[in-house]
Structures are given as C-alpha cells and as structure tokens.
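Required output: the full structure, derived from the provided sequences and hints.
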Amino acid sequence: MSPVLAIAAKDLRQRLRDRSAIVLGFVAPVVIATLMSFAFGGGDSYHLDAAVVDNDHGELAAAFTQVLRDPELSDLVTVRTVPSEADARSQVDSGEVGAAFVIPAGFTAAARGGTAAPVTVLGRVDEPVAQQVGQAIADGFAAQLDAVRLSVATALSSGATPDGLPALAAEAAARRLPEQVAAVPAGTRQLRSISYFGPAMGIFFALFAVSFTARGYFLERQTGTLDRIRAAPLRPAVVLAGKSLATLGYALASLTTMALVTTLAFDAYWGPPLAAAALLVAMALAMVGLTALVISLSRTERQAEGIAAMLTFGLVLLGGNFVYVSMAPPLLRTLALLTPNGWALRGFTDLATGAGPSAVLVPVLAMLAFTAACGGLAVLLSRRAAR
Amino acid sequence: MAQADVTATARSTTTGAVLECSGLTRRFGGRVAVDGVSLRIAPGETYGLLGPNGAGKTTVIRMVCGLLRPDAGTVVVAGRTMSAAGGLRARELIGYVPQEVALYPDLTARENLRFFGRMYRLRGARLNRRVEAVLELVDLTERAGERVESFSGGMRRRLNIGAGLLHEPTLLVLDEPTVGVDPQSRHAILESIQRFGRSGMAVLYTTHYMEEAERLCDRVGIIDHGRLIAEGTHGELVAQVAERDTIKLVATGDLATFAVACRDLAGVHGADTTDGEVHLLADFGRRLLPAVLELADRRGVTVRSVQVIEPDLESVFLHLTGTALRE
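Protein sequences, first through last, are from chains A and B. Quick note: the first sequence, position 106, residue 105 per numbering that gives the first Met the number 0, numbers continuous. Quick note: the second sequence, position 138, residue 137 per numbering that gives the first Met the number 0, numbers continuous.
Among the hints, erroneous ones may be present.
Computed spacing ranges between beta-carbons, pair by pair [claimed, not checked]:
no., chain 1, residue 1, chain 2, residue 2, range
1, A, G313, B, T80, 44 to 50 angstroms
2, A, A236, B, D181, 36 to 42 angstroms
3, A, R383, B, R120, 31 to 37 angstroms
4, B, E131, A, R18, 30 to 36 angstroms
5, A, R383, B, T73, 25 to 31 angstroms
6, A, G313, B, G144, 41 to 47 angstroms
7, A, R383, B, S198, 42 to 48 angstroms
8, B, E141, A, R220, 28 to 34 angstroms
9, A, V322, B, E131, 53 to 59 angstroms
10, A, Q221, B, F283, 46 to 52 angstroms
11, A, Q302, B, R285, 58 to 64 angstroms
12, A, L218, B, G144, 22 to 28 angstroms
13, B, T73, A, P272, 53 to 59 angstroms
14, A, G313, B, D181, 47 to 53 angstroms
Under 10 angstroms between C-beta atoms, here's a sample of chain B residues computed to sit facing chain A [unchecked claim]:
no., residue
15, A84
16, G94
17, Q98
18, V100
19, Y103
20, R117
21, M118
22, V172
Hints are computed from structural coordinates only; laboratory data are not their basis. From a predicted model like this one, the values you see are computed outputs, not experimental measurements. Glycine included, each C-beta is placed from N, C-alpha and C at the ideal position.
What follows is the structure in structure tokens.
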C-alpha cells in the first residue's frame, strides 16, 4: 500500500471508529431527509378534509355542495356536512377538518337577484394551505356562477326569449370555464420531496467531513503524529493527497449510502446513475477544496472547527439544502449559484424531474470551478503563511 | 523493554560520521533559538544533548530531522544532505522519536506500527516481520491488538520509541523520551537505548536530566541559550572545567592530625575536619583511596565509612553557565 493510500485508509479507519462521524455521515442524513420529506410532503400531493354548512338550503347551495363532492375533486377534497357554523368552527379548531365552507342564508336568492352573498371559508392560521385551497374552490364556483349569469344576460340582450332562459342557464352551467393558466414543467416528472431532500440532506451532512478532516489535521499537528509523518521520506504532497483522498472517500461513501437508502426505502429518484455519480464526485471534490481552504485559513483545531461550521451552514443556507430553492426569494436563488451545493441540487432537481444526463454538465463544471478556486486560494494562503 | 535483537545498518561517510551538523542557526522572529551549533556523531555512538528547557535542544532535533529549515548551517546524515523540503534519502536513515507520544490513540499498537512502517515504505513480509520484532522489543506483543488509548503512560512511551525503530534506522533521534515516565518504565527505556548503542546504531538523545546523560551517553554536548557551550566525554568535560573529587571519611581518632598528614599525599589539594568527618579535595579520588586508608591505619584512625564524590555534569553545567540546570 502506498503512503498516500495508507494515510487515507488510516484516516477512514479512524473516522469509522468515531461514532459521531458514523451518525453524522450515514444515519442522520437518512433520518432528517425522511422527516423533511414528510414535512414538505405537500410537494407530492395534497388532500383537504373540509366541512360544509348549508344555511341557505337553496338550489345554488346544493349545486355548490355537489361541486365539492364532484368525482374530479375527490383526490383533492373530502367534504362532510355539519349542521351549524359553530360546529364547523369547532372542527376546524380541533384540526378534524382543514377548512370549512359556510353557505349563508339567502345565497341562492342573492345570486338570482344579482347581489353578493359570499361563501365564507373558515381556516386555521397554522394551516394556510388548507384555507387557500378552500378559497380557491369557492372562488372557482363564484366565477362559474358569474359566467352563467353573464351568459344569460348576453342571451337576453341578444333577443332571447325568457321562456328559454332555464335551459340556457343549465347549458351555461354545464360548460366549464376554459383553462387560463397552463403549467409547463421543465422536466417530464413531478419532483417528489424525498428526491429533493435526499440529496440536500446528504450533501449537508457530508459537508461535516470538511470539519472532521480540518480538525483532524490540527489534532495530528498538536499530538506530533503529523511531524512523525513529515519526518519520513515522503514528499510534502503525499500527506495532503492522503488526507484529501480520505475526505473524498468519506463524502462519497456518505452520499452514496444516502442515495441507495432513499432510493430503495423511500423511492427517491436521484437520476440516471452515471449522471448522479458525476454530481456526487464533483460535490465531494468541492468538499476537498473546502477542506484545504479551511486548513489554510486556520491556525488551531478550534479555529478550524469554527471556520468549517460557518462555511458549512453558510453554504447550506444559501444553497437551498433546507428549503426548495424555487420557493426562495430571487436574491437567494442567485446566491445559490455561488455555492457548490446549490449547483449540485440544481443538477439533482433537473435529473429528478426527468432531464437528461447532459443537464449535469453545467453544474459539474461549476462545482469543479469552485474546487479550483478554493484549492488555489488555499495554496496562496499556505505559501504566504510559510513565508 | 524485552531483550530482543536490535539491528542497525551501519552507514557512515568516509570520515566515519553518521551525523554532521555544521553551524546550525535558527531564529524565531528576533529571538535566536539555535546559534551556530555544530556536532558530529560516529557510528554506534550515543550523543547526549544536555540543556535546560528552552535551551534549543528540540529546535536542533527538528532541523536534524528535516522538520524545520535552518536559517544557516547544514545537516548531513551518512553523507546525505538533509533539507526541510526534501532530503528524502537522508530521512530514510533517521528514526525520529518525538518528545510527545506521537501515536493514534484510537488505533491498536499493531495498527500504529503498521501505519508508521508504511510511511517508511515497508510492506509485505518485511513490514509484518518488523512490526512483530518491534512489538517484542518494546514488550507489547501481548497487548498488540489493544487500542493505545487503553495503555499506561509507560507503555505508550515504549511504543513511541518502537515506532521510530521500524525501518532499522542508522541514526535514532530521541527528543526527551523519558519526560513524565514512571521510574520503572524510565529504567526500561534507558536500558533499551543502551542496547541500541551497543548494536551499532548511532543515537542522538536530548535530555535535561543529568543522570540520564551520564548513564547513557558516550559524549555529551551542553547547550544553553541556543549555543553549544561544551562537548566531550564525561571525563573530558569534567577535566575541561578542572573540577576535583571530594573524599569524605566518617572516622574516629585524632582526625585533626590525620587531616594535616593527608595534605602531604600527592594529588591532595586540601583537607579539613568537621563533626567526625574528614573531607579531602583530590584530583583522582578513587585512585588515592588506598593511600588514604593506609595512612589512617598508621595514624590509629578508625574509618567507619568512605564516600568519593566525583564532579558530575551538574557541577560542569554550573561551572560553565554560572547557574544550576533549570528544570
């Protein structure tokens, strides 16, 4: 075994004997990714349990309730009838239902008379999505009602006879408003939350390798083992190469484990294996560059720990490891492009939504550029310190 | 440590030196840590670098081992020049044992030795053979599979030395290897170092313990404030400072007359009595002892005990620096 491999193997053996490294590198990412995909599970599908209170008992109120029970909406909403607004509020407050529709008395008459008697949507402040979905359904019904009313008014002004109005209204009601907004996804698959948070958490926890390695370097300097290695007939680059190889190995093992576990256990999709592997290797190389930078910026083990922690958390916050980058403000979306993890996540998101392997080319190049920049800076700083 | 064969490959230049340091100088900021130190070690010789803490011993060692670039001066190991950025062929010949226990506590004794052996490019059967031989040498074969973190301080120290012997170096460099070691382990370590010297291995040994330097070293260099202020065998150093032996006799009889008579013996430079004791100042106390005892017998003085106090390195150091050796 060459000295480079011996140093890498020794570092990895020490890492594997450190329980905290095992937990951070292999157990925690799987657990946290699973929890986060549950927390952000709305990205996959959403279902609303709703209550409806009919204080009107008219035809339009019945029509609205019918809309809520429409088979087309059965995947989105399940509705139950409750006798009073107080009961509805109670069920909303207790979390039994996500939202409640209260149809006011005189709803049908008001609509026929051309005045407003809006349906009230009850919701909880801590469940805004339920209220928004409920509001959207109510708005949709109101828009359809307005469309029918507009159709009838247009027919009358065009000379239609009042005898034919009921049939006309029924025909207008049966027609749906045309689609006004069409979603055009970048890929061909829907992004499942585990397919986003799997890589995101894998990268986040693998970034702890930066701290482990940098601290290990200073610990070796402090205990004299580094001097002992340096006294051996080895070129200085051998120590650096061995330690870099250990970081690369640990990061790749952590990320690969994450990919396998989330794919096999949670049906995450990381993309075509070769393209995903290219992203993983590029990200692991970026961690090697970061490690070199942290070591060159630090003078003690404690400094290395602090700098590594700041860099790690700064990168994951900017890069979108905790929230979907697409949901972040524009500034953060731009800043994410300055981070290797931001690029990696962009690549994994593209792959997970059906983009081809070529989609990883730009992210991989960006991560390699980041690695080169960190490595170059580390060399400059080290040379300055040596002088 | 166990009685095991210690082998050393004898390499030297045509001048016979395993280590030649010339004018080694190193500054840290404005402070001169080592100032023009030159020394030479022959094959099989144990050379002690004696000095108080902060005298510059470790800085010399670090320059010898290529861990620190000298501001001036050269280090040549068996004809191979050392440099901080290279000197790979010189490094092959040195076994370095740092002052602190430089081992991985979370690896076993055997894993530590295998790792450091690989750093010296040992592999395969030779690596296995050397690791087992060193484990036997440091008396840790039974504990080879246990992690170093479970070892006592003495065991760690022994393994620390063993790690420097794996590649059978020509020159073994030990930087204060007995600091913080219990007396039993210390004795074992000193015995093994004596064996290394007898096996033909050259040893450079730093210490601030006088008795270690006196016991182990063929020659001693005294370093203080970064300068090598004296160098030689124990006898040469003592002679260099013209210190004399003291013969102390506890006796009964006419001690005053006896003391006056002793002053006439050749080699005696002074004699006085106090509280039933006679103190003689002489050039070579042990050689003079038979004549002193014969004189006592002739004068009717009964000698109950005799002690010859020879000048030691402590007195040499005191003479040279004007201060006692600082701990």
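Hint-by-hint comparison with the structure:
The given range of 44 to 50 angstroms is respected by G313 (chain A) and T80 (chain B), whose C-beta atoms sit roughly 47 angstroms from each other. Range check, A236 (chain A) to D181 (chain B): Cβ separation about 41 angstroms, and the 36 to 42 angstroms hint holds. The beta-carbon spacing between R383 (chain A) and R120 (chain B), approximately 32 angstroms, falls within the hinted interval of 31 to 37 angstroms. Checked against the given bound of 30 to 36 angstroms, the beta carbons of E131 (chain B) and R18 (chain A), roughly 31 angstroms apart, stay inside it.
Checking the proposed 25 to 31 angstroms range against R383 (chain A) and T73 (chain B) shows it holds: the Cβ atoms sit about 27 angstroms from each other. At roughly 44 angstroms, the beta-carbon separation of G313 (chain A) and G144 (chain B) lies within the given 41 to 47 angstroms, and the hint holds. About 46 angstroms separates the C-beta atoms of R383 (chain A) and S198 (chain B), a value consistent with the hinted range of 42 to 48 angstroms. The hinted range of 28 to 34 angstroms is satisfied by E141 (chain B) and R220 (chain A), whose Cβ atoms lie roughly 32 angstroms apart.
The supplied range of 53 to 59 angstroms is met by V322 (chain A) and E131 (chain B), whose beta-carbon atoms lie about 57 angstroms from each other. Between Q221 (chain A) and F283 (chain B) the Cβ separation comes to about 50 angstroms, which falls inside the hinted range of 46 to 52 angstroms. The beta-carbon spacing between Q302 (chain A) and R285 (chain B), approximately 60 angstroms, falls within the hinted interval of 58 to 64 angstroms. The beta-carbon spacing between L218 (chain A) and G144 (chain B), approximately 24 angstroms, falls within the hinted interval of 22 to 28 angstroms.
At roughly 57 angstroms, the beta carbons of T73 (chain B) and P272 (chain A) sit within the given window of 53 to 59 angstroms. Checked against the hint of 47 to 53 angstroms, the pair G313 (chain A) and D181 (chain B) passes, with Cβ atoms roughly 49 angstroms apart. Proximity of A84 (chain B) to chain A holds as hinted, the smallest CB-CB distance being about 7 angstroms (cut-off 10 angstroms). Taken as an interface hint, G94 (chain B) checks out: its beta carbon lies about 9 angstroms from the nearest beta carbon of chain A, inside 10 angstroms.
The beta carbon of Q98 (chain B) comes within 7 angstroms of a beta carbon in chain A, closer than 10 angstroms, and the hint placing it at the interface holds. Interface hint at V100 (chain B): satisfied, since its Cβ lies 8 angstroms from the closest Cβ of chain A, which is below the 10 angstroms cut-off. Contact between Y103 (chain B) and chain A, as hinted, is supported at the beta carbon level, the nearest pair being about 6 angstroms apart and thus within 10 angstroms. Satisfaction of the interface hint for R117 (chain B) is found here, the shortest Cβ-Cβ separation to chain A being roughly 4 angstroms, below the 10 angstroms cut-off.
For the restraint placing M118 (chain B) at the interface with chain A, the shortest Cβ-Cβ distance is roughly 4 angstroms, inside the 10 angstroms limit, so the hint holds. Given the 10 angstroms rule on beta carbons, the hint for V172 (chain B) holds: about 9 angstroms separates it from the nearest Cβ of chain A.
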